[in-house]
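Trainee: Given the coordinates of chain A, assemble chain B onto it according to the supplied hints.
There are 2 protein chains.
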Amino acid sequence: MHAPTSAMTAAPSDHAPPRVEPRAVPAAMAQALRQRFGERFSTAAAVREQHGRGESVYDAAPPEAVVFCESTDEVTFVVRQAALHAVPVIPFGVGSSLEGHLLAVQGGVSIDVSRMNRIVAVNAEDLTVTVQAGVTREQLNAEVRDSGLFFPIDPGANASLGGMAATRASGTNAVRYGTMRENVLALTVVSAEGEVMHTGTRAKKSAAGYDLTRLYVGSEGTLGVITEVTLRLYPLPEAVSAAICTFPSIDAAVRTTIQIIQMGVPIARCELLDTNAIRGVNKHNKLDLPEAPLLLMEFHGSEAGVKEQAETVQDIATEHGGTAFRFATTPEERTRLWTARHRAYFAALQLRPGCRCQSTDTCVPISRLAESINESIAEAEAAGIPYWTVGHVGDGNFHLSYLFYPDDPREAAEVERLSVQMVRRALRLEGTCTGEHGIGLHKMAYLVDEAGPAALATMKAIKRALDPKNIMNPGKVLAL
Amino acid sequence: MHAPTSAMTAAPSDHAPPRVEPRAVPAAMAQALRQRFGERFSTAAAVREQHGRGESVYDAAPPEAVVFCESTDEVTFVVRQAALHAVPVIPFGVGSSLEGHLLAVQGGVSIDVSRMNRIVAVNAEDLTVTVQAGVTREQLNAEVRDSGLFFPIDPGANASLGGMAATRASGTNAVRYGTMRENVLALTVVSAEGEVMHTGTRAKKSAAGYDLTRLYVGSEGTLGVITEVTLRLYPLPEAVSAAICTFPSIDAAVRTTIQIIQMGVPIARCELLDTNAIRGVNKHNKLDLPEAPLLLMEFHGSEAGVKEQAETVQDIATEHGGTAFRFATTPEERTRLWTARHRAYFAALQLRPGCRCQSTDTCVPISRLAESINESIAEAEAAGIPYWTVGHVGDGNFHLSYLFYPDDPREAAEVERLSVQMVRRALRLEGTCTGEHGIGLHKMAYLVDEAGPAALATMKAIKRALDPKNIMNPGKVLAL
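As given, the protein sequences belong to chains A and B, one line each in that order.
If you count the first sequence from 1, you need to add 64 to reach the numbering used here.
If you count the second sequence from 1, you need to add 64 to reach the numbering used here.
Be a bit skeptical, because a hint or two may be false.
Any copy, or any two copies together, can satisfy a pair, since identical chains are not distinguished.
Here are the simulated lysine to any residue pairs, SDA-like style, with alpha carbons at most 20 Å apart [stated by the list, open to error]: (1) K533 - R87; (2) K533 - F141; (3) K524 - A150; (4) K533 - A518.
Treat the hints as calculated values from the structure; they're not laboratory data.
Just chain A, same shape as in the assembly (with noise of 0.2 Å):
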């Protein structure tokens, strides 16, 4: 931990990305591109517009042109083209970020690898797959289906799996099967000299040389284009069944969850709504749930165990005040509330009509979390702006999501305030600001006080030793 610094107060207080010069694509690069990529090189006003945006609450800021990449071999060559240029390259797959991470804010070229959707290889036995980087985790479920196995992670969006990785995404299921750091075994990466390289192999662990996978996990573009990722699969299990309960507080679900944890109960989603987004839920679904903390919860393992891990739960919830204990064991009751649980974002848009909707992120040691969300939610009444949460709570990591007026100065002031000391909280509390969304561009100055002087140089050292042109993802996650 370390104390703010008055980089933090100098997070974004609007909604304009911060653009620097752009390094502009000269025209032997355009030539080159057109010449190899045909209509897959788009300068086309309303395809750039939709590459340079992301779900985050920043204006888009367009690149100067797509290209449609089919392969390794043709990302390889736009970055080479790149590098002799010394042109921005952004990585692009479903546009899901919430960061700001596909904004063109130097310019450059969108590499679109959402044609890259070829699984390669499933390897059943094994229980890994190889997939191209623009395969969505929606696609890569049902295509492994009929094996009997499963991708566990899962971010709201139907992302891509390149994408995933590059963000160090999780989900639901992460109290149970990890993160994406978890659960790639190897990448694909053209290099910012545009070079090919393999960061692992299908071995399932390994001890040879530096981690080149776990560092390009997490790396949002600004190291290389990942072109492929090798994944862990997961036999689906043999039974499966949801729960949900009601809770007198936040401290009751939260102090539920943790003596969960400590039982050692192979939880597989222990999901956390409090009232407000309980309300958006019961509108937007006309379901009829207590308005009042909520787990939704979930189990996998056999018949027996699923029973088991069931009946432990309800006794833990009991002992703190769990109400409403209610199963769904039948797979059409269970996509019921969990369809509910992934579209509380809308439900709650819902309730403040034509607001916009920031999302935080924290995650904390569990034994921090409830003083984290209440003293959140408290900043967040004080200050009069809407909230709703939802929270991995198995994992400590939460989502108190501000409904506000964008063209409202007050509001959208109050809103960056807020996020401000929720992350020097979670800084505090020996969290991070970040559980799974990011840095991007929005989170930059919260990194400069996570990771403090030190580490925050090794990461600058890192990028500048192996993007010596800055061209990969410009102005993301560090300043340099």
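Mentor: Structure of chain B alone, referenced to chain A:
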């Protein structure tokens, strides 16, 4: 996978470590260290000799001096002196490295952290602990047992946690609990400039910037000195049981393992011993296990869960011709079996009195494991080199160890030839040259082939950026 290059044939064929002109410790530096550390700065021959070796096949290469540090601050002092005078430093825990990591092949000073043996903080609710780098795994487990917790990573030796992090160690529990890669949350590292950095927080997951934690885990002292380690802990399982089962062939044992993993049985340990290992174990421990391939397994969970797992596994084993399935549910029986397993090394040495044992460490996708082991055995038999095999087969990792007389040039050369063949096969089968022992000196040529030119260049760029004077354990992992 990369085509083997000529580099691989250059694997060491004798046991003199490759030494370059050592960089001497200048008088001013020795004086500064003596002044600060008094008797904890030693140039005594016996101390230097002990610190210039490990458990590798190499002869010792003693450092010029040893400093016994007691704090991160003291490590910082030594590293700053080393940086000032461009003198190598080599971190030292308990000296159990297997691949020559500790040899002072370029001279310099050994930084002994064994007195940094303080548990800094146990956070039972969060299932985390922070320890100084010199704490050993057995010490850690003794200290957290009363909190109902344990740390599962168990390399053969009672290694230091700093050393285990530095080599990305694992052991028999990795099939369920992962390796140091998955279980280190954060590190305190002294950089090559003598700056102190914290590579992470106590949050269970994070997407904040480059994953420095995973970069230093497995960096083998070549990028910085690890002085503190924050680890994940696990609740002691409610129930534990062990079982053994004999198989008609290695194939049958491996097919059983594959099916156990594929069915999602959360097996905690799944160890293979080949016929030769069993012979040694029987003799050494006065046991009478059938002289055939054996799986030694352990199950963790609730009483009912453990029972269910064991029954499922017994069914699978029987299908594959497993016989003599036997449970060990009492702690005493379990301890007897696992002690026999842990002593397999000493048992094997007695099979050929006066011999040395060279362990291999390849790891392959589990579908390739039987092929990998069987071919390696056939080659050893053809060469007339006695061997024995144990394997963390749930992970695809096995140690076929050669028993040879190092003074016999034919045997020494044959062992190196067999090792090279085994690594080539592992790479061909999409595996790695080292599952858990690291690169050190011994596998540098293997790493060249495994990583391939682009990944190797990336590793070298990182090394040069973070250690421009090449003072951090130089001459290991990468030849610069």
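Trainee: All the hints need checking, so say for each whether the structure fits it.
Mentor: Status of the hints after comparison with the structure:
1. In this assembly of identical chains, the alpha carbons of K533 and R87 lie at most 20 Å apart only when taken from the same copy (12 Å versus 34 Å across copies).
2. For a Cα distance limit of 20 Å, the shortest separation of K533 from F141 inside one copy, 17 Å, qualifies, whereas the shortest one across copies, 35 Å, does not.
3. In this assembly of identical chains, the alpha carbons of K524 and A150 lie at most 20 Å apart only when taken from the same copy (19 Å versus 23 Å across copies).
4. Proximity of K533 to A518 under the C-alpha cut-off of 20 Å is restricted to the inter-copy arrangement: shortest distance 18 Å between copies versus 23 Å within a copy.
Comparing the model with each numbered hint stated earlier shows that all of them hold.
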